[in-house]
Structure formats: structure tokens, C-alpha cells
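Chains as they are written, first to last, in our numbering: chain A, 1 to 320; chain B, 1001 to 1320.
FYI, nobody ran anything at the bench for these hints, they're computed from the structure. Be aware that one or more of the hints could be misleading.
[Said to hold, decoys possible] Listed next, with one range per pair, are the computed distances between beta-carbon atoms:
{"no.": "1", "chain 1": "A", "residue 1": "Asp217", "chain 2": "B", "residue 2": "Glu1235", "range": "31 to 41 Å"}
{"no.": "2", "chain 1": "B", "residue 1": "Gly1047", "chain 2": "A", "residue 2": "Arg184", "range": "48 to 58 Å"}
{"no.": "3", "chain 1": "B", "residue 1": "Ile1016", "chain 2": "A", "residue 2": "Gly205", "range": "25 to 35 Å"}
{"no.": "4", "chain 1": "A", "residue 1": "Ala238", "chain 2": "B", "residue 2": "Arg1190", "range": "56 to 66 Å"}
{"no.": "5", "chain 1": "A", "residue 1": "Asp217", "chain 2": "B", "residue 2": "Asp1217", "range": "57 to 67 Å"}
{"no.": "6", "chain 1": "B", "residue 1": "Arg1190", "chain 2": "A", "residue 2": "Asn60", "range": "31 to 41 Å"}
{"no.": "7", "chain 1": "A", "residue 1": "Ala122", "chain 2": "B", "residue 2": "Gln1191", "range": "10 to 20 Å"}
{"no.": "8", "chain 1": "B", "residue 1": "Leu1285", "chain 2": "A", "residue 2": "Ala20", "range": "35 to 45 Å"}
All residues carry an ideal CB built from backbone N, CA and C; glycine is no exception.
Number of protein chains: 2
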Amino acid sequence: MARVRTLSDLGEGRLIDRIARAARRLDQTGVVLGIGDDAAILRLRPGEDLAASTDASVENVHFRFSHQSPVHVGRQALLANLSDLAAMGARPLGFSLALAAPADLELARFDGLVRGLLMEAARHHCPLVGGNLARASQTSLVIHVYGGVPRGRALRRDALRPGDRLFVTGELGAARLARAAAERTGRPLRQLPVARLAAGRALLGLAGRGACIDLSDGLLSDLGKLLEGRGLGAELDAESLPTPRGFVRRCRELGLDPMALSLAGGEDYELLFSLRPHAANRHTLAELKRRLGAPVSAIGRVFRGRGIRGVPNTPGFLHY
Amino acid sequence: MARVRTLSDLGEGRLIDRIARAARRLDQTGVVLGIGDDAAILRLRPGEDLAASTDASVENVHFRFSHQSPVHVGRQALLANLSDLAAMGARPLGFSLALAAPADLELARFDGLVRGLLMEAARHHCPLVGGNLARASQTSLVIHVYGGVPRGRALRRDALRPGDRLFVTGELGAARLARAAAERTGRPLRQLPVARLAAGRALLGLAGRGACIDLSDGLLSDLGKLLEGRGLGAELDAESLPTPRGFVRRCRELGLDPMALSLAGGEDYELLFSLRPHAANRHTLAELKRRLGAPVSAIGRVFRGRGIRGVPNTPGFLHY
């Protein structure tokens, strides 16, 4: 029987070549100099600022190879970063990968991680432009993504104001439900949301737009980041939260609280954004859906004060 | 006796606040939006490309707390990245930090790492603009640095040509000697080179410049990266390699081969660059020193062919 091949069979140079060859197949628009020099050189369009974000995925902290295929881990790792660009209204320009792994990591897992990253990269025209390989006791991917955003116009968390109406794109709770189902059944996780890049860019052009954040940790947690330290609170209409078809039934089958999942589930990578009242009144949800290219739901409003109202206050609610 | 405080005593939110407060004291020129949003927003100058580089420092792979203070680890981690910008001729614009650590990492070590990073950042006007904290079994710092470089003019590794003359800034072997001394004596490493940012930018303006790389892995290894796959070889004048005063004596005291250290030592973060023959003939070393703001030594030339000639061929030479 053939021995399982590991990273130590190839060594750093050949592993980098392996990544670089695959990376060169991606669209290189905006890349002046990619993998292979001391730094990557990227070109913004005239009048653009740079948007840059970092995210880490650590084995047994953020993902488990027992529950997720390497391809899925790779895709999700880049998705989380692209979603950060979406939340700024930025267009992707490229990304870099710092991969740390034990020398005995199976080469098939390494290849799967890279394939997943590049699948997601191809989908959003976000070429891999550089990175770093290091030995470590645990596998981890630190991804750094670059984007361009029209000068001085990036969507910001700190643009929330009293009176703003709150909206979300897409549906909430689906990612957490899928993860729970995968854990119960032992089948690997397959489902993956789409980074809302087009919606973020469309939002940038909307008069009367307020703040924006992507939903990585869950609605309550991420809404809290918009409110925190600004003397603002929010009233949510918990009954109006958009969830997938059959969501309540599938939650009940797994013994999960559907409201808890939609409020605090996380990893949906939808956008939570606000509009000033006049803008919220001017646009119907159907118009917003058309402009943003994604379903949009009105879920509440912002007030001067503290806390998030209108959510069920069951003991232990947030610790499901 | 007071219990030693660890990361788990503070938690992610307060640790990020701790970093953000310290980071805000740095010069924020070029930073439109720093720590605290989904992405950082940075502004390049008109006519600049983005130069971006990543480097990882992993505990017990790249550094040991037993040999280096946390401040020194932090400083060196950012230095390695700034040196990559120097090798492109870029000016620093900012950096991000992805720090992974066990929950029981002593808070004093965390603070030391951050202090070291910010010391080096202040020295080179390179503000911390974002990042990520994650739990992991091993402490690691993945640093991402952004710079601006005049459009289409970045120094490149692939610009080497036959006939080019080779030069290095500063002195070689000092870093490896200092590390060896620290390991022998058990005294922590204190010495740290300076990223050659000014020299890189000056080189960018020099007519007849060729290729450039920073010396992180050692002269032979990094020169190899300039030559590799291009049908080029180099003739080195090993006797002309610049070393610090008293270098040979201090190497002998530690039982080290001075030639091996200067050829293959690494971590000196000097620049290795080439000039076309006409440019090399036009400028004296004194002129180059004045323009680059650093000592410059002529160390060899490039030819069409393969290999590096002129270096001692002692058995086991490179495996000291």
C-alpha cells in the first residue's frame, strides 16, 4: 500500500511552486507583480482607497477536518475575508495566504485547502498574489484580502444614527443549522453562503445609506458592534427575521431553537445595514432587492439609548 | 503571591482594546479608517502602486521566548516585513497583525510582543491598522505590511541581467553571530538590524539599477533566488564581503566559521542589489553610500550560466 504523502515529502519550495502554478490560472487584473518577489504589487483604480482585512482559521478552533472537507475549509476561509470587503462596499483586488501546518499534514489536505481557496477566489475575481508557508503544530490559514473602494466612500460601522432603519440581506440561521446537522449526522458540511460583494457595492451608491457590517458572529453580536460605545440601542422585530424555507421544522428535528439560530447563529455572511428614515421610506423592499441583487428584509430600528429590545428573553437563550 | 495574569483573564474584546489604544498613538498619516471596522481603509498617494507582503513568526520555529524577549520577537517580526518593503523600494503605509496564542499565554508576554511591534512601527512610521486575534496551541504572529511605491517602478527580483554588478548595503553575518552568542551565553538577544527603507527608496531613483532582494535567509540563499530559473550565475568576491569590526575574532571565540556566517548567516536584512555595468562604473562606492544612506560594498558580478563561483568549497560548509 502506498504511504500517505505529507508536506515534508515536498518541502517549502515545491509547495510554493504548487500553489503558484494553480494561482496563475486566476484572472490577474490589477496584479502588477504576483507570487515570487519580496512583496506583491497591486494597482488600484484612480480615485480608489485600499480596503484591507485579515482573518484567521485555526484547526480545532475554527474548523475540524472531521466535520469539513479541506476544500470547504479553504472556501470558507476566503469567504470570511471577502465578506469583510463586501461590508465596506469594496471590490476584491487580491489576497495573500499565510499557511502554517505540521510537516506531517497530508498533501491531499494541503491541496484541498488550496483548491477551496482558489475556487472561492475564481468566483469573485480575487487572485492569490502572495503569502507565506510556515511549520507549526496546528494547521492554520491567515488570509489577507485587498480591495478597492471609491475614495472616502467606504461603508462604515460607525455611521449608525438614531432613527436609522435596520435591514439584512438574504436569510439568517442557515449556516448554523447546516453546521449542527453536519455535526449530528457525521456527514461533512457542504453548504456555503455567498459573499455579498455586489450588494455591498450597490449599497455604496444608495443615497441615505447608514452603517454596514457583515454577519459573521450572528445578528445580535454583530448588531452589538454597531451600537456599542455610541449611546445607541435597537428595537428588533424578531418575528420578521428572514429564515430559509422549512427552517423551523428542520431546527425542531435537531432539537434547536429556531429563534436562537436566526438571532445568534453566525457565519451567514449576510450584510446588516441601516438606512436613514427618508431613504428607508423612499425605497420599497422590492426596489432594494433589485438594486442590491439580494433579498432584503426590514428588521428593526435604531434609537438613542442602550440595549437590543424585542428579542425573546429566555434564560440561557444565547448559550444554546 | 499574585497569580500570573494570562490572556484568558482579559478575553478577546479587552485584548483588542489594549492593542487599539496603544496603536492609536502612532502617526496615522495615510490611514482613513484604522482598527475597529470590517476592514482598514488606507490611502495611497497619486501615482502609487500598493506593495504588500506577509511574514509569519511561529514560536519554537522562528523564535523562542527562552532566547528572545517578547519585545525583541515583536520588533523582529515587523522588521522582517518592513525589510520586504525596503527591497521593493516602497514606503511603509501600515501593517496588520494576526496574533494566535494559547489562552494561558502570560499577559506580560502579549504586552511585550505588542510593545515590540509598535516600537518598530513608530520608528518607520508604519501604523497598526487592523488584525485578528485567535486561540491556538502555539504563539504565532502573522504580519501583513502595506506600502506605496511609484507606479510601475518597484524594485524586482526578476530584473537581474548578465553583466550586472552585485552590491550589498551594510554588513553581513552580524545577526547570526549575535544569535549564536545569545544561545551560548543564555543572555537574551538584544541586537536588531534596521530595515533599509531609505536605501531601497533611493535605489529606486538610481538610473541603471537592476534587481533587488533583502537578505533574510543569507547571502548565498537569497542570491540564489535572484539567479534561479533565469540561466544566470554569479561570481562572488568572498574576500570583499563586509563584516563588522572584530567579527573574525568573535566568531573564532565561539568556534564559528566567519566566512560561513557572512555567506549564509541570514537575518541581516541588508539589501542585495545589482547595477548595470555602466551605472556601476559611473558611481563610486562613496557616492552610492551617500545616495543610499548606508555603506555599500561591491561583492561580485552576474554571468550567463549557472551556479555561484568564488566561494570556499569546504565540505559541509553550508551546514555549519
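Here's how the hints hold up against the structure:
1. Asp217(A) - Glu1235(B): 31 to 41 Å: Check failed, 58 Å falls outside 31 to 41 Å.
2. Gly1047(B) - Arg184(A): 48 to 58 Å: This hint holds: roughly 57 Å between Cβ atoms.
3. Ile1016(B) - Gly205(A): 25 to 35 Å: Because 31 Å falls inside the window, the suggested range holds.
4. Ala238(A) - Arg1190(B): 56 to 66 Å: holds (58 Å)
5. Asp217(A) - Asp1217(B): 57 to 67 Å: violated (39 Å)
6. Arg1190(B) - Asn60(A): 31 to 41 Å: holds (36 Å)
7. Ala122(A) - Gln1191(B): 10 to 20 Å: Violated, at about 46 Å.
8. Leu1285(B) - Ala20(A): 35 to 45 Å: holds (37 Å)
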